[in-house]
Structures are given as structure tokens and as C-alpha cells.
Amino acid sequence: MNEVKKSVVAVIDYGMGNLHSVAKALEFVADENTQVVVTSDPAVIDAADRVLLPGVGAIRDCIGEMYNAGLVPSIRKAMAEKPFLAICVGIQSLMSHSEENGGVNCLDHFKGNALFFGEQHTDHDGSKLKVPHMGWNQVKQTINHPLWEGIPDNARFYFVHSFYVVPENKNEVAGTCDYGLEFCVALSRNNVFAVQFHPEKSHEDGLQLYKNFIHWDGKPSLANKD
Amino acid sequence: MGLAKRIIPCLDVDNGRVVKGVQFVDIRDAGDPVEVAKRYNEQGADEITFLDITASSDDRATTVHMVEAIASQVFIPLTVGGGIRTCEDIRRMLNAGADKVGINTAAVFNPEFVREAAERFGSQCIVVAIDAKKVSQEGEADKWEIFTHGGRKPTGLDAVEWAKKMVEYGAGEILLTSMDRDGTKNGFDLGVTRAISEAVHVPVIASGGVGNLDHLVDGVIEGKADAVLAASIFHFGEYSIQQAKERMSDAGIEMRL
Numbered sequence: 001m002n003e004v005k006k007s008v009v010a011v012i013d014y015g016m017g018n019l020h021s022v023a024k025a026l027e028f029v030a031d032e033n034t035q036v037v038v039t040s041d042p043a044v045i046d047a048a049d050r051v052l053l054p055g056v057g058a059i060r061d062c063i064g065e066m067y068n069a070g071l072v073p074s075i076r077k078a079m080a081e082k083p084f085l086a087i088c089v090g091i092q093s094l095m096s097h098s099e100e101n102g103g104v105n106c107l108d109h110f111k112g113n114a115l116f117f118g119e120q121h122t123d124h125d126g127s128k129l130k131v132p133h134m135g136w137n138q139v140k141q142t143i144n145h146p147l148w149e150g151i152p153d154n155a156r157f158y159f160v161h162s163f164y165v166v167p168e169n170k171n172e173v174a175g176t177c178d179y180g181l182e183f184c185v186a187l188s189r190n191n192v193f194a195v196q197f198h199p200e201k202s203h204e205d206g207l208q209l210y211k212n213f214i215h216w217d218g219k220p221s222l223a224n225k226d
Numbered sequence: 001m002g003l004a005k006r007i008i009p010c011l012d013v014d015n016g017r018v019v020k021g022v023q024f025v026d027i028r029d030a031g032d033p034v035e036v037a038k039r040y041n042e043q044g045a046d047e048i049t050f051l052d053i054t055a056s057s058d059d060r061a062t063t064v065h066m067v068e069a070i071a072s073q074v075f076i077p078l079t080v081g082g083g084i085r086t087c088e089d090i091r092r093m094l095n096a097g098a099d100k101v102g103i104n105t106a107a108v109f110n111p112e113f114v115r116e117a118a119e120r121f122g123s124q125c126i127v128v129a130i131d132a133k134k135v136s137q138e139g140e141a142d143k144w145e146i147f148t149h150g151g152r153k154p155t156g157l158d159a160v161e162w163a164k165k166m167v168e169y170g171a172g173e174i175l176l177t178s179m180d181r182d183g184t185k186n187g188f189d190l191g192v193t194r195a196i197s198e199a200v201h202v203p204v205i206a207s208g209g210v211g212n213l214d215h216l217v218d219g220v221i222e223g224k225a226d227a228v229l230a231a232s233i234f235h236f237g238e239y240s241i242q243q244a245k246e247r248m249s250d251a252g253i254e255m256r257l
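Quick mapping for you: the protein sequence lines, in order, are chains A and B. Okay, so the first sequence: first residue is 1 according to the working numbering, each after it adds one. Okay, so the second sequence: first residue is 1 according to the working numbering, each after it adds one.
None of these hints come from the bench; they were simulated from the model. You may find that some hints are simply not true.
What the hints assert, rightly or not - Pairs of lysine to any residue, SDA-like flavour, derived with a Cα cap of 20 Å:
1) B:134 / B:164
2) A:24 / B:35
3) A:128 / B:91
4) A:77 / A:219
5) B:133 / B:68
6) B:133 / B:95
7) A:24 / B:133
8) A:77 / A:42
9) A:128 / B:201
10) B:38 / A:204
11) B:165 / A:118
12) A:170 / A:97
13) A:140 / A:82
14) B:224 / A:124
15) A:140 / A:172
16) A:128 / B:62
17) A:82 / A:204
18) B:38 / B:2
19) A:24 / B:190
20) B:224 / A:129
21) A:82 / A:44
22) A:6 / A:212
23) A:128 / B:2
24) B:164 / A:42
25) A:24 / B:139
26) B:38 / A:27
27) A:24 / B:39
28) B:224 / A:132
29) A:170 / A:150
30) A:24 / A:212
31) A:24 / A:11
32) A:24 / B:38
Claimed, not checked - Some chain A residues judged to face chain B by a derived CB distance under 7 Å, without partners named:
33) 25
34) 76
35) 80
36) 160
37) 203
Idealized CB from N, CA, C, for every residue including glycine.
My request is simple: use the sequences and hints to build the entire structure.
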């Protein structure tokens, strides 16, 4: 038997619904040696080679369900040791705290908070901006990172959110976006990467980011050429 | 730099087939929603909306399979509207791969449904569809009302007030169709589009009446719409999505090109 052990990407299912498009997008870019598993089983997450934390809905329910399902120890373990990608509410769940739902303590992996744009959000010229921030906006890559490989700087990604993250450590910012204010849309520390937008809804560039993730060794900088 | 305005092609689907006589010469099965969705995706559509006009609820299973097939191949946002009456309907469409659902008549008859749906699934996936008709006479202050049953039944509800109420109840986006303009190719009703867009803080999609690319420009610049929806100008191959985007970009509108 020459069968190669497949590399497993675990998509964490904590009962918040639609993981179909995340899994389908990963499968679309996966090679024959990669297996995508949607799971709520801590043992599967612990055994996976890479872990993706999606997020849909309100933060209180997200964090609540992560704890209820007994997934938090596995999430923390994965963030300590293997390539880990969080998307949308997933990035917010990694902060210390979110303003949503009257204030919710989150997983505190990145120091800082998720703040509300506000219903009276305005552009730099004072004109009204809609909230949620919904649609395709440009992402400025503030660092070189393996997950940005093959994606042009200022490429457009699809966003749907009303809260944005403000990390205390600016060195952890990997990308920003402008919507009335310049705010952080990607965070990076060691083997953990997190984005506010939805790669699975962002056409070619989103698929490229997932492809990069599937091949990422978890090192935050581009491989040294020496 | 900044958020782009969106172009959303809309497909009317009946029992798993695109209707309105879609004719693409280079698509084998012109009425296959998956083929049509892929085509629009390749042309650079920012989202795709399906309106399920299937008469029988038994045939809704077909729509679920269609959404599943599209969501496996087209990686841009998908909205499904038509026949969404219960949270179970919403769950089924989201599980199949839809990102948002459009609620129309059910919201008029039971506004609490919108609140319940937004609380359960999040406002980001709840689009409230509003069918409005102008009811003010010449010389009077502009007034629009909500109509149901394809524009035949008046409800007495003021369109602008209704939009504000729906946002308060949790709508994350408003899909506004002018029943006066739908199918006329005379352009959007810019008055009601602007009135509603300025009255609510969530994005508004303008719909109904697009006949040429300038109408799309007008919808954004004069109507203050955040997105424009059109069907026939794209279906019949009169214009591609790319052409529409270039025209809007030339008019100074931020677009994803």
C-alpha cells in the first residue's frame, strides 16, 4: 500500500449554522492529499493538521456555544500548536472582549476589543455610511505573510459585519480596510491568522487564501530563502 | 479606495429552472440555474439572487438541491427569496449554502417573523423585500405604499415607514422593488429608492425597471442605492456584468472591477 496519510483540515462546527460554503470552498482548492472535515468533536480537532474557526451570527451565542460544546480547550490547544485560521465572527471571538450583545468576554488570544461601527457611522467627508459594512472592500496587506501569497495588495474581499476589531498590539495587524475609518481586518501571531472578511465568498482571491492556508506550515513569515 | 457598490443579477427560478426565456448561445442548458450562476460569476457579479417562484411547496426540494449545487461551485454571496415563511424554511436554505434569505409577503402578514428570524440567524442574512407602488397623485407630496401579490393588493402600509420598521425588527438589508417600474425598462423609481436609502442605516438594493446601463448609474448616484439588481438586461445578453461595471466605474462609482 502506497497510501499517503491525508492532511486533515478541521472546520469547527459549534452549532451556529452555515458551514457549507466554508467546507465547499476548502474542498474546491484542496488537493488529493487533503481532507476537509466539519466537526464538533474535540478529539478530531486535536488530531487535525490544520484548524479553521468560522463564525456566523452574534458573539454571545458563538462564545456560548463554543463553551457549551466543550470546544474551547481544543481551540486553545490548536492555537498553541498548529496552523489556525479564524474568519468573520471567528476573529472577534479571539479578542479579549466584544461590545456586541451588551458586552461579551471572548477568548482573549489577541489583546483588544471588538467595537461597533455605530448606526450613525460616517465617511471621512461626513456622508452617511451604511451599517452593516456589507460588500466588497479593499484589503491593504500591512505585512508579508504566507496567507497573502498570490493575492494582490488592495484586492477586494467580501465583508458582512457591524463590529470591528481593535488589537492593542499593532504589530499583530496583518491587513486593514477603510470604511469611514481605517480598521484592522486581519491579525497574525505565530501559527494563528484571523480575518474579518469571508474568503469563501470572495471569489478567486478568497479561494487563494484558503489554498495558502491548506499549504501553510504555520510559520508567520515567508520562508527564508537562505 | 472603499466599499464598492454591488451589481446583483437576479434569476427567477421555477421548479429548478430559470424562467423568463434566458438565452445564452454558449450555454448548453440555458435554463439551468447552475450554468447561469457560473456564467454571471465569471462575468464578475458581486452577488447572485434567486427568486423561487415555484408554485408547489413539494417542488421546493428542487430549489434546495439547486442552491447546494451552486454553492459548491460559485464562491460569491447567494440570496434566495420566494416562499420563505418559517424559520425552518430559512434554516433549510442556509444549510444548503445560501448566505441570505429574502422575506417578502410573510413579513407583511407577520412582522414578528422578521424579528424572530434575525434573532435566530443574525441580521446579516435577513433581507426584507419590499414591493412598493406610488400612491400619491400629481402635485401631492410623494407617497409610496406596500403592495402584495405581485403588486395587485394594497396593504395601506407606507413604504418608507415600513422599511424603517423592518430595520428596527432586524432586517440587515432592504431589497426594494418598484412595482410601477418592474418590467417597464424605464429605470428605477429613484424617488422611493432615495427616500428609503436615506431613512435606514442598512444597505438598500434597488430593483425594478432597469432597461440600460445608465439606469444602474442613476440608481446609485440619484437613488443612493448600495446595490442594483437587474434581470432581463443581463439574461438576454444585451449587456454583460463587466460592461455594466465599467459604465458605473466611468461614472465615478466605486466598483469591484
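Comparing the hints with the structure gives:
no., hint, in the structure
1, B:134 / B:164, "18 Å, holds"
2, A:24 / B:35, "18 Å, holds"
3, A:128 / B:91, "33 Å, violated"
4, A:77 / A:219, "17 Å, holds"
5, B:133 / B:68, "35 Å, violated"
6, B:133 / B:95, "34 Å, violated"
7, A:24 / B:133, "41 Å, violated"
8, A:77 / A:42, "10 Å, holds"
9, A:128 / B:201, "8 Å, holds"
10, B:38 / A:204, "13 Å, holds"
11, B:165 / A:118, "18 Å, holds"
12, A:170 / A:97, "17 Å, holds"
13, A:140 / A:82, "26 Å, violated"
14, B:224 / A:124, "18 Å, holds"
15, A:140 / A:172, "14 Å, holds"
16, A:128 / B:62, "41 Å, violated"
17, A:82 / A:204, "25 Å, violated"
18, B:38 / B:2, "26 Å, violated"
19, A:24 / B:190, "39 Å, violated"
20, B:224 / A:129, "11 Å, holds"
21, A:82 / A:44, "14 Å, holds"
22, A:6 / A:212, "17 Å, holds"
23, A:128 / B:2, "14 Å, holds"
24, B:164 / A:42, "44 Å, violated"
25, A:24 / B:139, "55 Å, violated"
26, B:38 / A:27, "18 Å, holds"
27, A:24 / B:39, "19 Å, holds"
28, B:224 / A:132, "16 Å, holds"
29, A:170 / A:150, "24 Å, violated"
30, A:24 / A:212, "16 Å, holds"
31, A:24 / A:11, "11 Å, holds"
32, A:24 / B:38, "15 Å, holds"
33, 25, "5 Å, holds"
34, 76, "25 Å, violated"
35, 80, "30 Å, violated"
36, 160, "5 Å, holds"
37, 203, "6 Å, holds"
Checked against the numbered hints above, the structure breaks hints 3, 5, 6, 7, 13, 16, 17, 18, 19, 24, 25, 29, 34 and 35 and satisfies the rest.
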